[in-house]
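Engineer: With chain H's structure known, arrange chain A on it following the hints.
Note that the protein sequences, when read in sequence, are chains H and A. Per my numbering, the very first residue in the first sequence carries number 1; after that it's consecutive. Per my numbering, the very first residue in the second sequence carries number 1001; after that it's consecutive.
It is worth saying that the hints were derived from the structure and are not from the lab. Beta carbons are placed, not taken as given, at the ideal position from N, Cα and C, and that holds for glycine. Misleading hints may appear alongside valid ones.
[As the list claims (entries may be wrong)] Straight-line Cα separation of at most 27 angstroms, DSSO-like style, residue types lysine-lysine; simulated pairs: (1) A:K1109 with A:K1130; (2) A:K1413 with H:K56; (3) H:K46 with A:K1413; (4) A:K1052 with A:K1115; (5) A:K1236 with H:K56; (6) A:K1292 with H:K56; (7) A:K1312 with A:K1236.
[Unchecked claim] Here are some chain A residues the structure puts well away from chain H; computed CB gaps all over 10 angstroms: (8) A1176; (9) A1237; (10) D1243; (11) R1245; (12) A1246; (13) E1280; (14) G1284; (15) T1293; (16) D1319; (17) D1400.
[As the list claims (entries may be wrong)] Here are some, though not all, of the chain H residues that point toward chain A, as calculated from beta-carbon distances under 8 angstroms: (18) G10; (19) L42; (20) I43; (21) N242; (22) L259.
Read off the chains here:
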Amino acid sequence: MHSTSGRYVGLLYLAPALAFVSAFTVYPFLQMIWMSLHNWSLISAKKYIGLGNFVKAWNDPQFWTSLGFTFRYTLYITPILMILGFLIALLTATNTPLRKFTRGVVFAPVVIGLGASSLLWYWLFSYDFGLINRSLIDLGIVSKPVLWFGADADVSLWAVIASIVWKVVGFGTILFVAAIQAIPGEINEATMVDGASYWQRVRRITLPLTAKTILLVTLVSAIGSLLAFDQFYIMTAGQPHNQTTTAVLLIYLNSFPYLKLGYGSALSLILAAIILTCTIFQIVLTRRSHG
Amino acid sequence: MRLPRLKRSLVALAALVAAGVVPAMAEDLQMWERSGGNAGMVDALVAAWNEKNPDRKINLTYIPHTEMVPKIAQAIASGEVPDLMGMDLIYGPQFEAAGQLVDITDKVKDWPELKTAVQGHMAVSTYEGKLYGVPLYADVSALFYNKDLFRKAGLDPEKPPTNLAEIREYADKITALGGDVKGYFLAGSCAGCNIFTVAPLMWAAGATVEPEAANGEPLNGDGIKEVLQWARDMVKAGNVHEDARAETGETFHLRFGSGKIGMMGTGNFNITLAKEQNPEMDFGIALLPGLKTGEVSSFAGGDIVTIPMGSKRVDDAVDFMKFLLSDETQVEVYAKMLNMTTRGDMTENKYFAAEPKVQQVAKAIAVAETPYTLKFFELINSPQGPWLQMLQRAYYEGTDLDTIISEAKAQMKSIAAE
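Looking at chain H on its own, in the form it has when it is part of the complex (with noise of 0.2 angstroms):
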């Protein structure tokens, strides 16, 4: 009698929660599955057609450029999210005023909204008026501006690179101080009276008692790229020739503009599939070289 009543009240517990997350995401998720079957625009008759969307999808070459892209663009920037990170967090995880002062420093893009932040790097790399081609003037490292945007794919991936690099790397670097500062300093002393260099304290101390924090960063940026939209919707809109436009630009263009809901559900599930795939094989992966 007791113990049925305490499940009824841990259910009551939970019920806010359960529903919560039974309005905002299974049902939207059910909904955008029936609408993956479907022909379906907002603005007329759905029809459905099965697995129609998916095969169209298999058969789309932009869809295959645009998840191509995505992966080149999570494979570029997560190392050097990661390691760049890493490196400062090491350089200011000690709280000296001066090193307080950098982590904050590195850490205010993070509050910028990525809309607001993608405007600002449009602008910088600006042909005529930025200032990233002024100064390359001035240092005399090209000798005219650089067409940062719409003429050179890699060109482009590497400015939104950089944009993104200066606004989330912060984010790591938090991560990484919180976790190198919880390592217990009598570990690092011990190991320096054992004559241990600075970065054999690194390698064997500090990045395997920080790897549980370097495995969340990782898988974090991982996804965050993958779904990365803003800051190529704004800045190079797709071009040239639709070779920047990436999985949830794709999606977005067909699901609102085009107003193929059926077709854009299709592919987000695709995506979901995808980066659940890949953060199982990195969860996995990760225990594996720790066991």
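Structural biologist: What follows is chain A alone, placed relative to chain H:
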């Protein structure tokens, strides 16, 4: 029992509203309009209406330009529609075909004003013989040219080019002035800018761009290839600024006013802008020409005003449409602000007479066209669409033009057939 002050105020207000003493906010007509269009013009039109109709004012809400279509679609799907909707005219057919707009044919059939309303706007407001909207404002494209640069290059500033070969010849001479000056401008990453200023060159040369029906033929006529070849040669000859390749439309309206461009296809809105931007610059306006002298065309853009299905104020909305087309509004609101009148018979007025440049650009209304397609965004306006992809390949690549056109054609057909 004493009610707190706020509660007492609310109770009193509710009682007054119930008694009809205070008109409820719901009395206002709700109107949506896209941002990024001619907001100044729409604000003035709504202000003029509100002044004359204090009992049925319009409450105007701007929706971001890029969000307009999905926002309207969501509103329709959820039944939360405004009473009036200003929309980019090229989206009209899509919503009319979907049965989402109120048919106003019977309500307006006796209006004489409709006979002279801008043809492009009227065409896209009509679907299967039924009328669903009227012009809200009109933008037309034309060839703007910098007379100062013409003089410096030894060209006659009173003789603008009358065909594409002349544009090329003049552009070469202006570019030869050196410095940061170039003869012409082509927006490399802006689909909308190109349909506004490059498609008229093709139309003037007798070609068509969009497929009208699902099984229609897009990119028809030799004019397509000839204009693309001309544009490719212009870029190769260095007659276009290098950064034009990255022009997404963000700074398109500011280009001509920079004073560094000899000639450029742009719109009537650039008259005021260029004057504000560069008051010293002397410039002229001509019609966008085709391959031969005498061939001219223009794009009639702008917005139409429609009534979404579900609007509870259809009669008031129709009255607003009548107000827009009235002689007084045409002259005292549109013309006074030096905007195009939306009726061809109203271009002769005191305001235009005092501004020859507006008179000049107003001539474009008579030759202007507007694409009619149910999938304008996907086919033409999208940066990812086949129209811009074709132009970019033509401008900046060396691929055979026949191949580029046939691939764009195939893409357009596939989109239209979906």
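Engineer: Does each hint fit the structure? Answer for all of them.
Structural biologist: These are the hints, each one checked on the structure:
1. A:K1109 with A:K1130: Holds: K1109 (chain A) and K1130 (chain A) sit about 10 angstroms apart, inside 27 angstroms.
2. A:K1413 with H:K56: Since the Cα atoms of K1413 (chain A) and K56 (chain H) sit roughly 16 angstroms apart, the hinted pair holds (cutoff 27 angstroms).
3. H:K46 with A:K1413: Holds. K46 (chain H) to K1413 (chain A) sits at ~22 angstroms (cutoff 27 angstroms).
4. A:K1052 with A:K1115: holds, 25 angstroms
5. A:K1236 with H:K56: violated, 38 angstroms
6. A:K1292 with H:K56: This hinted pair is violated, its Cα atoms lying about 44 angstroms apart.
7. A:K1312 with A:K1236: Roughly 56 angstroms between the alpha carbons, so the hint for K1312 (chain A) and K1236 (chain A) is violated.
8. A1176: holds, 19 angstroms
9. A1237: holds, 18 angstroms
10. D1243: violated, 4 angstroms
11. R1245: The assertion about R1245 (chain A) is violated, with a minimum of 5 angstroms to chain H.
12. A1246: violated, 3 angstroms
13. E1280: Label holds. Min Cβ-Cβ 20 angstroms, cutoff 10 angstroms.
14. G1284: holds, 25 angstroms
15. T1293: Non-interface label on T1293 (chain A) holds, nearest chain H Cβ at 34 angstroms vs cutoff 10 angstroms.
16. D1319: Holds: least Cβ distance 26 angstroms, greater than 10 angstroms.
17. D1400: Consistent with the label, D1400 (chain A) stays out of reach of chain H, its closest Cβ about 17 angstroms off (over 10 angstroms).
18. G10: violated, 37 angstroms
19. L42: holds, 4 angstroms
20. I43: holds, 4 angstroms
21. N242: holds, 5 angstroms
22. L259: holds, 6 angstroms
Of the numbered hints given earlier, the model fails hints 5, 6, 7, 10, 11, 12 and 18; all others are met.
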